[in-house]
Amino acid sequence: MSAVSRVRDWLANPWGQPRLLGAFTWAYMVWSIVPVGIAILFSFNNGRSRSVWQGFSTRWWWGDPYNSVLHDPTLRGAIEQSLRLATLDMLVAVPLGVGLAIGLTRWRGYGARPVNYLMLFPLVTPEIVMAVSLLLVFSLLYAIHFGTEAQTLGQVTFSISYVVIIVRGRLLSVGPEYEEAARDLGASQIGAFRLVLLPLLWPAIFASFIVVFALSIDDFVVTDYLSAGQSTQTVPILIYSSVRGTATPALNAVATVMVIITLLSVGLAYLVYRWAARSQPATSNSALNEIAALEV
Amino acid sequence: MKTGSVELVQLRKEFGDVTAVDGIDVSIEAGEFFSLLGPSGCGKTTSLRLIAGFERPTAGKILLDGSDMAATPPHRRKVNTVFQSYALFPHLNVFDNVAFGLRRAHVKKSEIRERVTRVLEAVQLGGYEKRKPGQLSGGQQQRVALARALVLEPSVLLLDEPLGALDAKLRKALQIELKSIQENFGITFVYVTHDQEEALTMSDRIAVMSGGRVEQIATPERMYEEPETVFVADFLGVSNLMPVTAEGAENGACRVKHGDFSLRASRGEVDRRGETHVVIRPERVSIEPYEATGENRVPGMIDRVVYHGASEQLVIRLATGDVVQALFVRDGSQHEWSQGTAVQVYLPADALRVLPPSSVAETAVALAPEAAPEDGAAAVGAGTS
Numbered sequence: 001m002s003a004v005s006r007v008r009d010w011l012a013n014p015w016g017q018p019r020l021l022g023a024f025t026w027a028y029m030v031w032s033i034v035p036v037g038i039a040i041l042f043s044f045n046n047g048r049s050r051s052v053w054q055g056f057s058t059r060w061w062w063g064d065p066y067n068s069v070l071h072d073p074t075l076r077g078a079i080e081q082s083l084r085l086a087t088l089d090m091l092v093a094v095p096l097g098v099g100l101a102i103g104l105t106r107w108r109g110y111g112a113r114p115v116n117y118l119m120l121f122p123l124v125t126p127e128i129v130m131a132v133s134l135l136l137v138f139s140l141l142y143a144i145h146f147g148t149e150a151q152t153l154g155q156v157t158f159s160i161s162y163v164v165i166i167v168r169g170r171l172l173s174v175g176p177e178y179e180e181a182a183r184d185l186g187a188s189q190i191g192a193f194r195l196v197l198l199p200l201l202w203p204a205i206f207a208s209f210i211v212v213f214a215l216s217i218d219d220f221v222v223t224d225y226l227s228a229g230q231s232t233q234t235v236p237i238l239i240y241s242s243v244r245g246t247a248t249p250a251l252n253a254v255a256t257v258m259v260i261i262t263l264l265s266v267g268l269a270y271l272v273y274r275w276a277a278r279s280q281p282a283t284s285n286s287a288l289n290e291i292a293a294l295e296v
Numbered sequence: 001m002k003t004g005s006v007e008l009v010q011l012r013k014e015f016g017d018v019t020a021v022d023g024i025d026v027s028i029e030a031g032e033f034f035s036l037l038g039p040s041g042c043g044k045t046t047s048l049r050l051i052a053g054f055e056r057p058t059a060g061k062i063l064l065d066g067s068d069m070a071a072t073p074p075h076r077r078k079v080n081t082v083f084q085s086y087a088l089f090p091h092l093n094v095f096d097n098v099a100f101g102l103r104r105a106h107v108k109k110s111e112i113r114e115r116v117t118r119v120l121e122a123v124q125l126g127g128y129e130k131r132k133p134g135q136l137s138g139g140q141q142q143r144v145a146l147a148r149a150l151v152l153e154p155s156v157l158l159l160d161e162p163l164g165a166l167d168a169k170l171r172k173a174l175q176i177e178l179k180s181i182q183e184n185f186g187i188t189f190v191y192v193t194h195d196q197e198e199a200l201t202m203s204d205r206i207a208v209m210s211g212g213r214v215e216q217i218a219t220p221e222r223m224y225e226e227p228e229t230v231f232v233a234d235f236l237g238v239s240n241l242m243p244v245t246a247e248g249a250e251n252g253a254c255r256v257k258h259g260d261f262s263l264r265a266s267r268g269e270v271d272r273r274g275e276t277h278v279v280i281r282p283e284r285v286s287i288e289p290y291e292a293t294g295e296n297r298v299p300g301m302i303d304r305v306v307y308h309g310a311s312e313q314l315v316i317r318l319a320t321g322d323v324v325q326a327l328f329v330r331d332g333s334q335h336e337w338s339q340g341t342a343v344q345v346y347l348p349a350d351a352l353r354v355l356p357p358s359s360v361a362e363t364a365v366a367l368a369p370e371a372a373p374e375d376g377a378a379a380v381g382a383g384t385s
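If you're matching them up, the sequences are chains A and B in order.
For what it's worth, my numbering labels the leading residue of the first sequence as 1, then goes sequentially.
For what it's worth, my numbering labels the leading residue of the second sequence as 1, then goes sequentially.
Don't take each hint at face value.
Claimed, not checked - Across the chosen pairs, the derived CB separations fall in these ranges:
| hint | chain 1 | residue 1 | chain 2 | residue 2 | range |
| --- | --- | --- | --- | --- | --- |
| 1 | B | Y307 | A | W107 | 50 to 56 Å |
| 2 | A | W107 | B | E183 | 42 to 48 Å |
| 3 | B | K61 | A | W107 | 50 to 56 Å |
| 4 | B | K130 | A | A12 | 50 to 56 Å |
| 5 | A | S133 | B | P39 | 52 to 58 Å |
| 6 | B | K257 | A | S173 | 24 to 30 Å |
| 7 | A | L91 | B | G138 | 57 to 63 Å |
| 8 | B | R113 | A | I40 | 35 to 41 Å |
| 9 | B | K130 | A | S173 | 49 to 55 Å |
| 10 | A | L91 | B | G134 | 29 to 35 Å |
| 11 | B | Y307 | A | F193 | 53 to 59 Å |
To be verified - With the Cβ distance kept under 8 Å, some of the chain B side facing chain A (calculated, not the full set):
| hint | residue |
| --- | --- |
| 12 | A70 |
| 13 | F83 |
| 14 | S85 |
| 15 | A87 |
| 16 | F95 |
| 17 | L152 |
| 18 | S155 |
| 19 | T229 |
Hints were generated in silico from the structure; no laboratory data involved.
Think of the CB as a built atom: it goes at the ideal place given N, C-alpha and C, for glycine as much as any other residue.
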């Protein structure tokens, strides 16, 4: 047996590990993580450069009295605005989306089908189109002020679609029998919702929270269009606008903070989910499946 | 007076252009085990959902112990349902599932504990209180669903194919158990099934439904022995439906012509004249040697011999071209029949039943051979149980 064919057998052994697939997966992991690692590393650079390593320091984090994340109000403000918008978006979009999903699945009227399709609209519309149209609408409606108010409304507008899709999937798989059983056993309509449907929807609601959080933190176009200048800029906007100006490793530190917050919230979400799934064996893993069904 | 009588008066339900239930009249007595039997899409489940209150009737009345239920929402009706899918709440354990209805009725805590424990004992699930539905087998889940409904002591229990998801052996065991639970609790059972054997085994009375209408309401014996329509004859067990020309009564029996052969049929509508069908059950068909003579005999040739374990099924092609099935208990006697043997088929006059003509007859006859093996086995089961 020649060396070439032995290598080929080793790679293509149908009973062995899928080695090529494994190698490819690892290469992809490295490819996607290394840039983030480098960005985090340069937040600790002891110099103004974001590309040449000049030794370790924490000056961009808290050492520098003017330009560090801790002391620069612009940087801190951006992080705060990002988190504020994410929280507001979650609090508004998830309850609305859950209600809408229940209405759409349990509603047998004529309008249900077109509305169902309409829900997909924000997912397929280019974000810039949506941002421009929202800008136009909000300019005409003087009651809505640009900044946090308009930004939240804008983010809720597209986040709701994701919530509806996640929750509706769950509703369809749960079916109407559980509610009917609850009603049959003497629960009122509201009782059936609270005691049976809500606990069954919990994994989907939970997945919705995570998805909405990620969407909000990530969003640039809509948030930028509807901002009211520097006071309401979020981390993505700050990073984008600073690139042309005086970018320091403090920006890397801001980005790192966002990465940490995202990782912490996903970690926390996972723990809470594990705890919730413990009391609901029949539906375990479904929240993860529901997230996996979409890109986060 | 016993409570739990249900009366459906001209009950009708339409979904858009589709009429699911087409004006049925059914009167169910208190304490009765009543089955709604029919193929899928015949309106039996819709009828049940109308009684439960999940659907609103398009027209007609539902009387429960004499009072109209039309305006009462499901959670205020004194009926409970056992769902085909069981619909046990997956986030609650067995105890909480069974206690769900009692809690909605604000029953005292100590009483809840006592009643749940008692009903779980009754369905042989004592000690399973802390389990989640996902940790139970199909049969156990079925019992929990039953207990959850029974604990509320409804006057009527509605069961929607409750044994449909279980394997054959378990189904047999639970059939007997369900019947004895019904007798012990003295509750009216309205039982929806497409399984004719199940209906025949357990019911006090059966309503056979087709196309949203009730074809016949009768006791299992009468339903099987004296089907009134072609549909019922064909749906219950295996029936040999033979097209004939009836020539009216003669000495208390109907003279019918099947092809060139003249037969006497002493059951059913013996006065009828004209094109119609006669029916005979396979177990009443006798096979005799080709040389045999006498009335009601038609020559034929054995087409197929099907072994069923306890019984044997013969498929015979008559000289007229029609196919007749015969069923024998294998007691060690008849063994000389094999494929291709020429025989005389004896169709006793007291087993031949004249049916009213029916538009569905053609489809029913066309469907018969396909459904034959399964129905054959079921008919044996029904005959021996």
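So, going through the hints one by one against the coordinates:
no.: 1; hint: Y307/B / W107/A: 50 to 56 Å; result: holds, 55 Å
no.: 2; hint: W107/A / E183/B: 42 to 48 Å; result: holds, 43 Å
no.: 3; hint: K61/B / W107/A: 50 to 56 Å; result: violated, 28 Å
no.: 4; hint: K130/B / A12/A: 50 to 56 Å; result: holds, 51 Å
no.: 5; hint: S133/A / P39/B: 52 to 58 Å; result: holds, 54 Å
no.: 6; hint: K257/B / S173/A: 24 to 30 Å; result: violated, 59 Å
no.: 7; hint: L91/A / G138/B: 57 to 63 Å; result: violated, 42 Å
no.: 8; hint: R113/B / I40/A: 35 to 41 Å; result: violated, 58 Å
no.: 9; hint: K130/B / S173/A: 49 to 55 Å; result: violated, 26 Å
no.: 10; hint: L91/A / G134/B: 29 to 35 Å; result: holds, 33 Å
no.: 11; hint: Y307/B / F193/A: 53 to 59 Å; result: holds, 56 Å
no.: 12; hint: A70; result: violated, 16 Å
no.: 13; hint: F83; result: holds, 6 Å
no.: 14; hint: S85; result: holds, 5 Å
no.: 15; hint: A87; result: holds, 4 Å
no.: 16; hint: F95; result: violated, 14 Å
no.: 17; hint: L152; result: holds, 7 Å
no.: 18; hint: S155; result: violated, 14 Å
no.: 19; hint: T229; result: violated, 33 Å
The structure shown violates the earlier hints numbered 3, 6, 7, 8, 9, 12, 16, 18, 19.
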